[in-house]
Amino acid sequence: MSVILRIEDIECSYGAVKVLRGLTFSIESGSFTGIIGPNGSGKSTLLKSLSRVLKPAKGAVLLNEENLYNLDTREVAKKMAVVPQETAVNFSFTVKDVVIMGRSPHLGRFQSEGKKDFEAARLAMELTGTGHLADRLITAVSGGERQRVIIAKALAQEPKIILLDEPTSHLDINHQIEILSLLKSLNRENNLTIIAVFHDLNLAAQYCDRLILMKSGLVFTMGDPAEVLTADNIKQVYGASVLIRKHPVTGQPSIILLAQDAQAAVKKSRVHVICGGGAGAAVLGLLAGHGYEVSAGVLNSGDIDWETANFLGIQLAEEIPFLPISERSHNENIKLINEAAACILANIPFGRGNLKNLEAVSLALEQSKPVLIIEETDIEERDFTGGKAASLYNGLKEKGAVVLREKILVLDWLQDSLSNTR
Amino acid sequence: MSEQGCSRKPELSQDGELKAVQFRPKRAVSSLDAEQRSQAGFNTMDDSVNNLCANEFAPTKISYGHVYWRFLVNSYDERVWRWRALIFILLAVLGLTVLLCATIGPARIGFGEVLTMLLRRLPWAGSLIPRGDWPDNYETIVLQMRLSRVILAALVGAGLAASGVVLQGLLLNPMADPYILGISQGAALGATAAMLSGISMQVLGIYAVPLVAFAAGLGTSIMVYNLARVGHKVQMSTLLLAGIAVGLFLSAITSYAMITSGQNVHQILFWMIGGFAGRGWDHVKVLLPYIFIGYTLMHLSARKLNVILLGEEPAQHLGIDVEKMKKVLLVAATLTTASAVAVSGVIAFVGLIVPHAVRLMVGPDHRVLLPTAALTGAIFLTMADALARVAAAPEEIPVGIITALCGGPFFIYLLRKKNDPGF
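Respectively, the protein sequence lines represent chains A and B.
For the record, in the first sequence the residue sitting at position 241 is 241 according to the working numbering, with numbers rising by one throughout.
For the record, in the second sequence the residue sitting at position 188 is 610 according to the working numbering, with numbers rising by one throughout.
Watch out, some of these pointers could steer you wrong.
With the Cβ distance kept under 10 Å, some of the chain B side facing chain A (calculated, not the full set) [said to hold, decoys possible]:
1) V502
2) A547
3) I551
4) G554
5) D555
6) R725
7) P736
8) I742
9) R789
Hints listed in this document are in silico derivations from the structure and should not be mistaken for laboratory results.
Cβ coordinates follow ideal geometry from the N, Cα and C atoms, glycine included.
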């Protein structure tokens, strides 16, 4: 692969404000590069200076090793097309009129469109699936369709590079996927170089093969999505805590936002949650998000609650998938309960395999630890042991476990019971 | 896209005649994408066809593409012919209107007589046509007085309408008219100064008023342009505001001058409303080169002006030197308008209404909009001038009153009829 665009130490400013403060990188031909970064980090300004709109005060942008700003506007337009965030159109051109305007750089002053131009426009409309809109007015098509028409116009330019500024940020999720898939296939099959600014990190990770992460006018880091999108980088650039997880299908990094409380910074007491099968995930997230130190048990590895606990970096007692709770994991569970200030029993079903969980809870009660039972469904409905679990469960209630029907009240209960014990 | 390495199906471009079967379904949006899209709930008619008949029936989709491709080319060819036909018809109507309006006046001279007089003026065949039995002075009336005036009205109408089209497109503002850059107020002040001072009269003779008006109008628009310029770029919204501000300032001075002078007020007022009374071939000769040059510049930029309607940055991305375009078009529109104002005063509404009405009929493509608007403007102003001559005969009313009287209600009708805000 050869370098098609080389950016050498460019600086740009609006008035006295320096927006780009010396960026250097190069774009390889046929790559799909995403530019990401928080608001005001200079993403759009960078795109402007790459598209020959805003001349950098210092440094150079080289298109095929020629200075972009020394080339003729028309020459640049033959090689590079730009798709803006949104195109406001308030005049009644038809869709095909707009697409054929993409041929403008290929036409001389006295020339009008010929067969070759119609062919290019037709192909662009076919690729973008806008053929059926050809005679509709551009003012009368939906936002997603309009953006596809604008991409068709860009393709009719027969460019080598397409620059896009948040091409899908105004669109519904189905149109986002559709447009980005289209771009990806153009990138793969037609070797089109694509440079796009992204707001949505997950979309960027999904579709780009290279990411440039910007922070206050500088390149913070660049590389493939897995290298760039780490929890640490995002914390440093965006100041937000996130979980990074492998997308189950594509294997690309996928970002999960953590809801955060202002108090979260203050470390609170340890709470142990007994859960499994997805019944505890929400509680685990809630507690972790509010700054509690959380442990969990006994969870079979691979289970949804187990996955959630792993994301959250929670200490847990685990068991091999599909096996009943062994003596070893039971003891581990008890150990965690002993270390915790309170214990919560999630709304889990009981079978022969996890009866030991109920024993562990009763041990906690014997040590007079505050115990909360979240009971969203009656125990009879989730007892698959023929009454054994139900009697143990009801025994817990008699020994003084608090019962709540809604898990959202967990935080209030914790606050109350923990302040009482102190 | 073939040579650019962008082609996915090079066999298409090599084979000039496209056949439905050749469109093998190697679509960019492949079956995988179709799945994704159907999952995402995306369901245009086009897609549901795709999804329903996955691979076996893919040629359905393909022949569909074929159909619209033929349609695309045919409709473009067809459209060009429609445009030409329309322009031809309007030219014929304009010719008839000019002749017809030359028959109007106190001396009763018929259509046939006017036509014969004109044909006799033809270089070769003219001498073959027998002279009719009309009085000698009729020829003078038609050829020297009426025809020059009618043609002047046509030129002014064409110039104002074309300038209006260009400025509305360039400023992306449907309320823009040829006077938006303060030309009218500048020219009015110039004309007022020339009429009141009388000194310039002695130096420049009867051309004093037009010349000073032209210079002042041009000067005002240059000033407005420079007010809106930052470095090499001109902000179109600033241009609009600067035009309004400068215009108001200048018309205040004009009003003050008129009130304090006490004399010539009628004459000044007549000029400011605009009219063709007492204009002749000399004025046509002065105006013609400006209109010709201005219109030619505009017409040559028509395709690029279409692209500018997408917005300045998108136009730049399509290889158009937008700043240069603005300069060329502003110069063209300013020369045309200032020269029109110089010969006929400030005729309102023509440059605002004709572009709108014609745009509703032929669409926003400047390649057809510009010539049809110019011709329609010519026809409209010629007719309005005829009406101005006969409406209150033997008194003559300024044609600007007629255009405003016709234009105002018509404009309101257009606004009510077409409810969407743009143009």
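Structure-based check of each hint:
| no. | hint | verdict |
| --- | --- | --- |
| 1 | V502 | holds, 8 Å |
| 2 | A547 | violated, 35 Å |
| 3 | I551 | violated, 40 Å |
| 4 | G554 | violated, 46 Å |
| 5 | D555 | violated, 51 Å |
| 6 | R725 | holds, 7 Å |
| 7 | P736 | holds, 6 Å |
| 8 | I742 | holds, 7 Å |
| 9 | R789 | holds, 8 Å |
Checked against the numbered hints above, the structure violates hints 2, 3, 4 and 5; every other hint is satisfied.
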